[in-house]
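**Student:** Chains as they are written, first to last, in this note's numbering: chain H, 5 to 302; chain S, 19 to 190.
There could be a bad hint or two in this list.
What the hints assert, rightly or not - Residues from chain H that face chain S, not an exhaustive set, calculated with beta carbons under 7 Å: (1) Leu32; (2) Val49; (3) Gln53; (4) Ala60; (5) Asp71; (6) Leu242.
In short, the hints are calculated from the structure, not lab data.
No residue lacks a Cβ here, since even glycine has one placed at the ideal position from N, Cα and C.
Chain residues, written in single-letter form:
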Amino acid sequence: MPRFFSNKRLILLLVGVIVLVALISFSLKDRQNATLPEQIVKDVVGFGQSIFSKPAHYITGTLDKIDGILNTYEENKHLKARLKEYAANQAELADVKADNKELREIVDKKDSLRDYEPIQATVISRNPDQWEEKIIIDRGSVEGVELNMAVITASGLIGKVVLVTPFKSTVELLSTENRDFRVAAVIPGDKSIFGLIEGYDSARGELIMKRIDSNFEVKEGQKVESSGLGGIFPKGLLIGEVTEVSTDDFGLTKLAYIRPAAEFSMLDHVMVVKRSSRITSGTDGIVAGEEEEGEDGS
Amino acid sequence: MIRFIIPLIAVILFFLEPVFSLFSPISIADVSYTLVPRFVIVYLIFITAYYGRRRAIQYGIVLGLLYDMYHIDIIGVYTFLYPVICYFAALIIRQIHRHIITVMLLSMAMVALLELLSYFFASLIALTSIGFEEFIVLRLMPTMGANSIFVGMFGYLFKRLIDEVGLQKAGI
Numbered sequence: 005m006p007r008f009f010s011n012k013r014l015i016l017l018l019v020g021v022i023v024l025v026a027l028i029s030f031s032l033k034d035r036q037n038a039t040l041p042e043q044i045v046k047d048v049v050g051f052g053q054s055i056f057s058k059p060a061h062y063i064t065g066t067l068d069k070i071d072g073i074l075n076t077y078e079e080n081k082h083l084k085a086r087l088k089e090y091a092a093n094q095a096e097l098a099d100v101k102a103d104n105k106e107l108r109e110i111v112d113k114k115d116s117l118r119d120y121e122p123i124q125a126t127v128i129s130r131n132p133d134q135w136e137e138k139i140i141i142d143r144g145s146v147e148g149v150e151l152n153m154a155v156i157t158a159s160g161l162i163g164k165v166v167l168v169t170p171f172k173s174t175v176e177l178l179s180t181e182n183r184d185f186r187v188a189a190v191i192p193g194d195k196s197i198f199g200l201i202e203g204y205d206s207a208r209g210e211l212i213m214k215r216i217d218s219n220f221e222v223k224e225g226q227k228v229e230s231s232g233l234g235g236i237f238p239k240g241l242l243i244g245e246v247t248e249v250s251t252d253d254f255g256l257t258k259l260a261y262i263r264p265a266a267e268f269s270m271l272d273h274v275m276v277v278k279r280s281s282r283i284t285s286g287t288d289g290i291v292a293g294e295e296e297e298g299e300d301g302s
Numbered sequence: 019m020i021r022f023i024i025p026l027i028a029v030i031l032f033f034l035e036p037v038f039s040l041f042s043p044i045s046i047a048d049v050s051y052t053l054v055p056r057f058v059i060v061y062l063i064f065i066t067a068y069y070g071r072r073r074a075i076q077y078g079i080v081l082g083l084l085y086d087m088y089h090i091d092i093i094g095v096y097t098f099l100y101p102v103i104c105y106f107a108a109l110i111i112r113q114i115h116r117h118i119i120t121v122m123l124l125s126m127a128m129v130a131l132l133e134l135l136s137y138f139f140a141s142l143i144a145l146t147s148i149g150f151e152e153f154i155v156l157r158l159m160p161t162m163g164a165n166s167i168f169v170g171m172f173g174y175l176f177k178r179l180i181d182e183v184g185l186q187k188a189g190i
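With the rest of the complex left out, here is chain S (with noise of 0.2 Å):
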């Protein structure tokens, strides 16, 4: 029973992104920040580290499918971002101390590292037209505040999680 938990948090937080999304954007004295949810891929993160890269890239794979062809439009932008991200997670974390508050500065990094991904597509096809600058301050900053809340709420619960998870397997 206990296996299925791991992907039922992943379809959990997948279906809480837009969810969170629909109060975005915040505008505090006239200036709107955006917030981009990336639960997804933090999790993913997590499981890299603790679980095993080739699962995360499996899932991030089946995550980034549906992320395109539900929300996007364009098949293939998440699909690539989420297993890269992940596999370059996982060759940081070869040389990093598998410590929590690492894979939580980690996963920060790498949500930062996918919204600068996301930005240089959406310029590229013209979805966007703010400038590098405008990017930083309106949207990469309050993404990476807010998501750092929800890894600083939920990391250490993932952590327990998915560690149990795994010794559970490793004793069968």
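So here's chain H without its partners, still in its complex pose (with noise of 0.2 Å):
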């Protein structure tokens, strides 16, 4: 049986293990903000991981061209099928867009909360031990990203902002098992139905909705969106689609699986969200100073 250890090795060991928890104890005290060094090796690595991320997208896009290529025939008609009702949805989008401006107008209210400001980003990494479920995309501080933003890609919400370097952010995906990302959704309709989204189901692949006012009759394959109420995401966002209500574990609220809207793998671009209507501190969903007070309660 060979000595595994020297004393001077299990000495440097233990050093070693001690400076690693202190490290580590400190490192995840504070998340939200990195300090300079990290900031620093943050934006270097990130240089060089856009180098390499740059081209694979680049392979990636044209394999999905061949892709579309191949079913090119099948979508022409699936889209000739759908383009006429296209055509009158148009119209009548123009028209109820007119028509609100200048109610708008008439009640003399101008800042909306679905209006915003896209900031285009190119996802340039994934958190390659995919214990977290994070990205990081190659806009920061200096292109106006701030902590908290949403983000979204063409089909709808997958994130929000989590830490901001000046070249570089990282995004924290709806998909996360942390129980401290919320968003304040509603699910529109005659009478808008509001709940948060909190966890996510991994077996399932769904997001799952909870305080859900149990007085409301949520529908399967209702829509689900941003509220705006939570103070940094605008409004009108979309989320998914309502594939489940049932109870929640008290029996007090209902809780609605939904499955999400946008595609968390194979990110490539994507848009922060900077809402043009004033924007509350703290995070989405939980107002600054009320956390406390829904941590009592619940």
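Got two chains here, each in a separate frame; can you build the complex from them with the hints?
**Tutor:** This is the structure in structure tokens:
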């Protein structure tokens, strides 16, 4: 039986473990802000990373195009059928928009929760050990990205910014297991139904919307959007579609499973959403100061 | 010039890992399997086997630190795991013959060990709530599969390359 560690090595190992535990606890404490060395490392490594990921996106893009060409005939047939419907919808939308603008002018209401400025960004990497669902994008505070902003793709909401450095930022996806990740959501209809997106069922691949008032009736197939009442996300970002409704653990409120509208794998181009109307501090779904209250209440 | 090729490959693999993880998770029949690219540790095991333990541990500390700062935002996890795994690999490699097949198998075993340790760490600080069986089926097995393809494709190349650099160094 060989000796695994000599005395000198044992001491070295112990000192190493102590230093690392100290480092881990130091960095776990405040993960929302990066220290200066961290910021420098993130920006420098991120620069190198984008050199590698841009060609990779080009290759996957080309493969997608080839795939698209193969399906052209069927898609074309399908789209032609939809085209007439689309034209009618388009006309109606233009009409409604003009109407809305006029009415807004009458009531003299200028800023809407729906308005936002998109910041275009490219995904340069995904956290390779996928315990946390995080991606890194190539826009940072210099381009106007701020903490807790919503991130969307063309098909819907995917997550929010959790860490910003001057040239890069880290985005946590909706499919995270982090319990503190909440999004104030609404199911639009005759009566708006409010709730919070809280948690992700990884076995089903669906989001869970909690705290829905049990007086309202939620139907399968209804669309879910961000409500804009959390203070940071704009209103009307599509989140997904209701697939199943049940009651929560205590039977007091309803709970709905939501199939996300956006895909969380193979992300390449995303938009960071900067709300035009005033932004409150805190994270979406928890207005600053309300957090402690909420914890006590539950 | 050829001296720089070993660290250069390590850096390239470090940058390739997150690119490949963009493809994950893969869903087959409504079950999503997570594939974790572990190219760097495989390469470090090859360095341990054919070049030297000391060098492998040095690279492990530097790359682990970068990995922690850039991806994980918790400093100290991979900074600790990479060198420790290289050290274990060095202990094992002393007892066995350094044939390419055994080194390949060893690197796969070490990938599994790394996954296991990172799972324990993630469940310790509550980053994940998946059970052990789920972890084995949905994460460990697909990861081993994907990485064994990588080892099979590049293992021999790594050996040749590192041997060559080692020989040149001995020649001088």
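**Student:** Of all the hints numbered above, which does this structure not satisfy? Sort the numbers upward.
**Tutor:** 5 and 6
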